[in-house]
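The sequence shown runs 487 to 814 under our numbering.
If you are wondering where the hints come from, they were derived from the structure by calculation, not from laboratory data.
Just so it is clear, CB atoms sit at the ideal spot from N, CA and C, and this is done for glycine as well.
Treat the hints loosely; a few may be bogus.
Derived CB-CB ranges, DEER-like [to be verified]:
hint: 1; residue 1: N742; residue 2: G622; range: 38 to 46 Å
hint: 2; residue 1: K570; residue 2: G776; range: 20 to 28 Å
hint: 3; residue 1: L733; residue 2: L664; range: 17 to 25 Å
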Amino acid sequence: MVYVRMGPAPRKRGSNNEPMDPKNQQQPSPPQTQAMNPQRQQEPISSSSSITEAEVDTPTKDQPPSKTPLTPSKIWNYLNEDIKPTTFAEIQLTLLTFCIGLQDAVSFPDFHCFASNQTGNTVFLVLALILPEMDGEMFVTSNIGVALGFFLAAAYVTGQLGHLIGSRRRLYILLCNLVQTCLVFAAAVLQHTKGVEPQGFRTLLAIGFLATAAGSQVVVSRSLKMTEISTAMATAAWLDLVIDPDLMRVKNRGRNRRLAFLGSLVLGTLVGAVIFKRVGSAVALFVSAGGKGLVTGMWVMAEGEESRKRTGGGEKGEKEKGEAGVMV
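Please build the complete structure, drawing on both the sequences and the hints.
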């Protein structure tokens with residue numbers, strides 16, 4: 487057997503039994519200090535790394551919003567809004583009813599026909615066919631025919647244009663009322679400069695102006711979906727008023743509209759009769775034209791809403807949809 491003598495185990499450097507050489511001992515590295523720019527030290531500490539220009543320019547709640555300038559596109563969009571059937575629009579239709587009362591108060595004494603009341607004109611026209619000897623005493627057949635014909639023609643043109651353009655569009659209503667005002671003013675000028683004649687071309691021209699304005703006005707008023715204020719015919723309003731089941735209810739919008747319409751028509755007729763008796767029919771027509779001009783300006787300030795996209799048969803489709811909803 488071979489015996490091998492084992493020496494003592496070598497000691498590890500840096501162990502507890504033998505201290506390490508101080509030359510070979512590694513010193514801990516001092517903490518690295520970052521040299522900071524003095525200008526950077528003055529910057530405030532924020533949660534975000536950077537601030538965009540949009541955040542800097544955004545106004546605070548305390549600052550009032552900046553007013554955007556009017557541009558042609560904004561004006562055009564405003565004119566293409568639909569007029570809302572609000573209380574302000576009711577006041578405008580009531581004023582137009584007053585103007586119609588002024589016109590009818592002077593048209594029958596001067597021309598022996600009505601400018602807007604086509605019920606009476608229809609009755610007189612039938613009487614003229616059956617009793618021609620009454621022509622010239624109670625009514626004038628030619629005047630009645632012109633009044634009825636121009637009224638229907640104006641209603642047809644205004645209504646069909648409304649279907650194409652939009653019956654509640656602000657620009658359409660403004661133009662219609664402007665034309666009506668000019669027609670009534672032209673009739674007043676004829677009455678003032680040429681005097682009153684029961685028959686003749688000038689008389690037929692004045693009747694045509696008044697009847698055209700009345701027919702267009704009635705169509706425009708119906709487009710606002712306030713049928714209680716037709717601005718001209720009172721028969722249906724009287725009937726709907728007395729048969730209203732909620733006639734005595736405190737809050738009744740339909741009854742209030744009918745009362746305002748009838749009261750305005752009666753008041754306009756009374757004022758027109760007084761003016762006709764004291765200063766003549768021309769002044770009454772000038773007052774009516776001024777009232778219609780005032781309403782024309784009020785349509786600019788009337789509340790509007792965004793116009794619906796109009797396609798072929800759009801209004802008809804909405805009407806059928808509404809009727810279907812009622813049937814359900």
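Hints, verified against the model:
1. For the pair N742 and G622, the supplied restraint of 38 to 46 Å holds, since their beta-carbon distance comes to about 43 Å.
2. Evaluation of the 20 to 28 Å hint for K570 and G776 yields a pass: the beta carbon distance comes to about 26 Å.
3. The hint said 17 to 25 Å for the Cβ distance between L733 and L664, and at roughly 38 Å that hint is violated.
Figure legend: structure checked against the earlier numbered hints; the only hint not met is number 3.
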